[in-house]
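Trainee: We have chain L; now place chain G onto it with these hints.
Number of protein chains: 2
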Amino acid sequence: MELIDGKKVADQIKAEIAAEVTQRVADGKKRPHLAAVLVGHDGGSETYVAHKVKACEQCGFDSTLIRREADVTEQELLEIVKELNENPDIDGYIVQLPLPGHIDEQRIIEAIDPRKDVDGFHPVNVGRMSIGLPCFVSATPAGIVELLRRYGIETRGKHCVVLGRSNIVGKPVASLLMQKAAPGNCTVTVCHSATPDLKDHCRRADIIIAALGQPGFVTADMVKPGAVIIDVGTTRVPDPSKKSGFRLCGDVDFENVAPLCSHITPVPGGVGPMTICSLMSNTLLAASDKVY
Amino acid sequence: MELIDGKKVADQIKAEIAAEVTQRVADGKKRPHLAAVLVGHDGGSETYVAHKVKACEQCGFDSTLIRREADVTEQELLEIVKELNENPDIDGYIVQLPLPGHIDEQRIIEAIDPRKDVDGFHPVNVGRMSIGLPCFVSATPAGIVELLRRYGIETRGKHCVVLGRSNIVGKPVASLLMQKAAPGNCTVTVCHSATPDLKDHCRRADIIIAALGQPGFVTADMVKPGAVIIDVGTTRVPDPSKKSGFRLCGDVDFENVAPLCSHITPVPGGVGPMTICSLMSNTLLAASDKVY
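Protein sequence lines, in the order shown, are assigned to chains L and G. According to the numbering used here, numbering within the first sequence proceeds without interruption in unit steps and concludes at 292. According to the numbering used here, numbering within the second sequence proceeds without interruption in unit steps and concludes at 292.
These are calculated hints, taken from the structure and not from any lab test. Each statement offered as a hint is correct.
Identical chains blur together in the list; that is why a pair holds if it fits in one copy or across any two.
Okay, derived cross-link-like pairs now, DSSO-like style, lysine-lysine, Cα gap no bigger than 30 Å in a straight line:
| # | residue 1 | residue 2 |
| --- | --- | --- |
| 1 | Lys29 | Lys54 |
| 2 | Lys30 | Lys54 |
| 3 | Lys290 | Lys30 |
Same shape as in the complex, but just chain L:
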């Protein structure tokens, strides 16, 4: 069993990006600039955005954090989006989700210029990914594919079972892995809450991508010996022994599943660090005008 060390790969990629940025700057080009819009004070969002700002520093990017209180209006937020679209110094930006209930998230996402949509949530980027055109792939699916690539895991002709059909993980990672590409060329099965025989599908999988958000859902009896397990779950489970009061729990019963696998991602330290790393890669792509 080989542990897929997402933290190590992410550090490596950030170092590669930092080297490319140094070269860019030496060539007289501008430093990539990522902006993040953070509304309110949700604990998870605060943490994610802080990590993104830190990752920008590690990569040599400029970063701008725009904060608004939770009572910001949709109109005010649309104004900010418009300014970011028009600001030539900003290469890419994200609006941290979730947004407060009175704001139509989809409306905000669709207002973002697809050329600056480094989260890859705009329908144009989603559609281009499905078609197989250059695009910004959303961060978690891109991170998963990059882990498979860097660990040299063969995907061609493999049966990949995706658990979960969310717009930010399940659907896009299924879409990526069925493409005529490497990594890719998988036979892909998407299972979800309406799948009655989910365990049977998992038992046949060469690769399982678990993105249900149900701690410990994938148990040893669901895993074929030698399978590759990618655990996207990051549920916060109360844990008084931690300073934060919680620990992150994956969708996989790691202790019992790990001995069976050829490769497995831990939680934390697997897919999580790759997600922010993909956002940095997308920002560099945006600055280099390599997508649009």
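Mentor: Only chain G this time, still in chain L's reference frame:
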């Protein structure tokens, strides 16, 4: 075994559309108007476009056919697209594919205003479909889903195996059937040229959607008794006994598979007639401003 009569359903839907159009016109609203751009004289394209024009008549739509010779330049075609985008009388239009090799098809598709893209090929519509937002769904996948709906075929929790991963059939029909919707909520497996054990996947399927373009590919030994078979294949096979010199051949060995199934679509007369019918539905939607 019940034969899924696509011709009958398509006629029924066109009659429903015609009734709605009559009502619209009686209410003082404009008649829906579909335009088609046809480049060159490809036999298949000529036939398709002629069918589309005829379907417009049946539905009470206005139709406009814009013809150019195969030596039309990309720039000229982009001009036509621009005019159609700007013409307020045109509710929707299609550019018949394939286009001659010197024209970048994707560039033409992306120049079409997504609000008039009744073929549903623009990345915005592809992305919106994947996300589950209102959109123009491309005609063949929409026709397949409508057949399942009209025949009352339960899809929830069923295992649907899609053979083929084309951008116009395999990927979008997989995307539609995995959505939290009815029809939908299928566990979906997408198989393709890189799938080594395609027969095994088919044998487990409750629903098979065959869109490989390989005549007679799905044989009886690949079908679970009671399965639903949707045959999207329309390969032209030479046949001197036909006036046209060819007959249309599906991806399914109909003669031997049909006795095993609960439902099956014939070729011709199954999915084919539904495709043009979906285009009419999309045009009515476009005229009604119900998507955008």
